[in-house]
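All chains should be built: construct the whole structure from the sequences, respecting the hints.
First to last, the protein sequences are chains L and F.
For the first sequence, the numbering used here gives the first residue as 14, with consecutive numbering after it.
For the second sequence, the numbering used here gives the first residue as 93, with consecutive numbering after it.
To give an idea of the interface, some chain F residues facing chain L are shown, with a C-beta separation under 10 Å as derived from the structure: (1) Ala-109; (2) Val-149; (3) Val-152; (4) Asp-159; (5) Asn-163; (6) Gly-164; (7) Asp-165; (8) Arg-167; (9) Asn-173; (10) Gln-177; (11) Lys-178; (12) Gly-180; (13) Met-181; (14) Phe-188.
Note that these hints are calculated values from the structure, not bench results.
Backbone N, C-alpha and C define an ideal beta-carbon position, used for all residues, glycine too.
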Amino acid sequence: MAKEYETVIGLEVHVELATKTKIFCGCSTAFGAGPNTQTCPVCTGMPGSLPVLNKQVLEYAIAVGLATNCDITRYAKFDRKNYFYPDNPQNYQISQLYLPICRNGSVEIETKDGGVKSVGIHEIHMEEDAGKLIHDEWEDCSLVDYNRSGVPLIEIVSEPDMRSAEEVIAYLEKLRLIIQYLGASDCKLQEGSMRADVNLSVREVGAREFGTRTEMKNLNSFKAISRAIAGETERQTDLIESGEKVIQETRRWDDTRGESYAMRSKEDAQDYRYFPDPDLVPIVVSDEMLADIRSRQPEFRSEKMKRYKEEYDIPDYDIEIITGSKRMADLFEETMAICRQPKKVSNWLMGETLRLMKEKEVEVEDLRFSPENLAKLIALTDSRAINSSVAKEVFEVMFDTNVDPEQYVEEKGLKTVNDEGALKKTVEEVIAANPQSVEDYHNGKEKAVGFLVGQTMKAMKGKADPAMVNRLLKELL
Amino acid sequence: MANIISDETIEYVGILAKLELSDEEKEQAKSDMGRMLDYIDKLGELDTTGVEPMSHVFPVQNVFREDVVTNGDMRERLLSNAPEQKDGMFMVPKTFD
Ligand SMILES: [Zn+2]
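What follows is the structure, given as structure tokens:
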């Protein structure tokens, strides 16, 4: 009988924190600035410069730790991780090895069979990001931009508790949602504000010892992560089956080719010679600091779901989708605060918003329309100033450009014609032009009315209230 | 000298420090390092049971800054230290990931 294997996976997740400034200096973290225009002596590693910790970084790290059931380290400090690479101007990265800010946490994920599984968090530590290397073909050299150098990161290290790609994705989605709810990061994999390295090993089912693991890098979508896990599981299983050994190494996933390759070992072994950073003083987390951060924790998803269920008369499925993203929940609540119509707001989000997001491939974080404008659109339909098909048209424009629906309807002349005289005239014309349908109607074919309503709406360029058209038709027939 | 530094060790330390040493320099470094380690070994003679490892020499803690942008664009000054530059960036030998 063939041997059965299981995959053992642990993750190292780097999250870029949403602070205005870098972790150890007052340089901006804003995206898209010219190269090296957001740098200073600290983040370019000039001799004699001194780092000072950004308090917001510590608070975000603690907030994430509390939300993931970690013990908060009351006496924490920073260490230097030494290595030479041009993206690292100090020749060391300031990180935390000995006393990381959070330890021993856990996150609950739902498994395929509907059960709940706890994934352990070994630790969360604070550290700085590196600069960006650009390869210059022309000069055959590399160019360095240090704008990213010193951008604050937390690294969340899980225990090797996951056994499949599904569990890994569930864990990442859960982590991402918690961090987004905290406002600590936008966690976009594609843009690199959330990065996951996969530590994976394979062992025979029932074996006590873990197999030799590899670390997979360069995974920038959930799909790439799933494919890399499948690919690496197969590669390691093949090696074991053929009696070869898995080598402990770092591998880079090439998603277009669907395979990984060992990263060139940078001549030296991974010998980082960590030691305490003498430039940074220890952090003592007081009871007050902890209580203060705890009191500012937001309402998380499960609490929100419960509250929506109690306060608003909307279906469970809608609640699940809306609270499934912080941005969607914010849109819902902010629109609700203006128009107080949960059912209608939820319908716009669940219907047209999701439909257009799928059609136009827009991520929820990139939605443009404002709660104010959605509330205005709802008011326009409530007052019957526009009918529902015009409303959908206007919404699509709002979806693309966040146009003010009142202005747009006014400018484009989309208001429903409520002038009964004008409408009556059109209905009469339609009746005169379609004797066959009129006859069908008199012969008991109810469907003929539908055709005549359609013709009238067409003649009115969609700007009529279908209910009124229906009533007038029946009167005049 | 109680600590004898092997050829492999000095080779490895050279790689980590990105230093290319001549044979003479290697011999000199081996004996220097051996003497330094002998000196450090003296500390091992002390009884440190129950002593917390020290993380900082000053009795100072919790030095923070607020999350406020205080630095502007100082690219010109920073790049003026660079041996070579191009397009507002530091130019370095070709480096691969
Ligand atoms: Zn800086």
